[in-house]
Amino acid sequence: MPLWTAPSTPAVDRVRAAHRENVGAESAHVASAPATWALIGEHIDHYGGIAIMGLANIRAAAAVSPRSDGLVKVRLQHTNGETVEDQISLEQVSALAAQQQPSVDSEGQTIEPPAPEGAIAARLGGIIYTMINRQLLTRETAGADITVVNDIPDSTGLGAAAAIDIATALALLGTADDLHDAPLRARIAEVCSQAVGTFARFPALRARHSAALRGAGESITIIDYADGSVTQAPHMINKDIAAFALAVPGDADSAEAVTEIRARERFIDAACRAFGTPSLRLLPDAPQRVLEWLAAVHKVHGTENQPTIAQATAWLTFYSEETERAEGIARALRSRRGTELFPLLTQSQSALATVYGFNSAEKLAQLATARGAVASRSAHAGTSSAVIAYVPSAKATNFAADLAEDGLLVIPLSAGSPAITED
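If you use the UniProt record's numbering, the sequence shown corresponds to residues 1 to 423, in order.
It is possible that some hints are incorrect.
[As the list claims (entries may be wrong)] Pairwise CB distance ranges (calculated):
no.	residue 1	residue 2	range
1	GLN232	THR9	29 to 35 Å
2	ASP69	ASN133	17 to 23 Å
3	ARG331	PRO10	46 to 52 Å
FYI, nobody ran anything at the bench for these hints, they're computed from the structure.
Just so you know, even glycine gets a beta-carbon here, dropped at the ideal spot from N, CA and C.
Construct all of the structure, not just a fragment, from the sequences and the given hints.
Structure follows, in structure tokens:
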């Protein structure tokens, strides 16, 4: 397979033309958002740890125009030529939101709603619904035509869906005066993550939305959920190190892993409710106290729909140790001690497979390391078998050519720029 290259025509130009063809009129607004890739932290995002993200120079673009019939119509054109068309009414979106409200049984236990199964129209319609309810859009909003051109390959762990979310949200906001202000961008990221968590088939990764909106092209974004800070550090891709996303084409079966991720998120949420804390990371002596609480839950309510003590121990161990690794990587980035990064990334990959139980990318990570990468870590363990490989620049050309010849999808990563409106 040849080395992957982005289309020569920018996505924003193609989405304008596609929207004109799709709707029969010019778009009201256009926006674009970058691919995002995780150095570390995608599985401690919900725990309240630290996520460290980069932006890539591949984008998704969205064009929107208003409707008056209550429908959200979406046409999505993927980089592989596939086109998806979907629609939903805002009334249906409201009904889906009601279905996601938890209830309480006779013993006072929370009854979790079934996991959302929404496809692209429900996902983007959910963003519109949430923006209306969070007063980012007027309540007179009565639907939209949305055309998306996505240049970010699916199943590569590069955040195609999150880029589409952000591009759509910015396009819906159009020419608002404060779209470049950090407080509004933080609010948009929060709204997108909330909507995805309520309506979409795949769980939200908050860090992707935050990085796409608040990252900077020439630096790495560090999101610390202890205080909600979003800061920048020197980029690890430089004259000495190149990075690639590696994926097996068509390898996209993640249903079981999505179920597992949701179960772990429910466990975290239940523990946070029990202790009245916004995140487990902020709870003193969290591992011991949470395990004692879980043992009490087992004793009083049984073990149905609950993790075992052994499972919870492994998860809590991973969350704590992965947060420590992320702190170490953040320190190494800020102090420009690049050689300290790679052992921590290797340790993280090992822990994902052995402690956390997500080994979908382990073989590909081992292959990349055997071919010359100084470190290789899952792009998003569980939901993708892709990896991010870090390679000495002197070996990068041969590394990419060899793996492409083996039939892998090889995507060179270079610094991108944050999401913007394109009007």
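Structure-based check of all given hints:
Distance hint for GLN232 and THR9: a CB-CB separation of about 30 Å, consistent with the stated range 29 to 35 Å. The hint said 17 to 23 Å for the Cβ distance between ASP69 and ASN133, and at roughly 20 Å that hint holds. For ARG331 paired with PRO10, a C-beta distance near 37 Å fails the hint of 46 to 52 Å.
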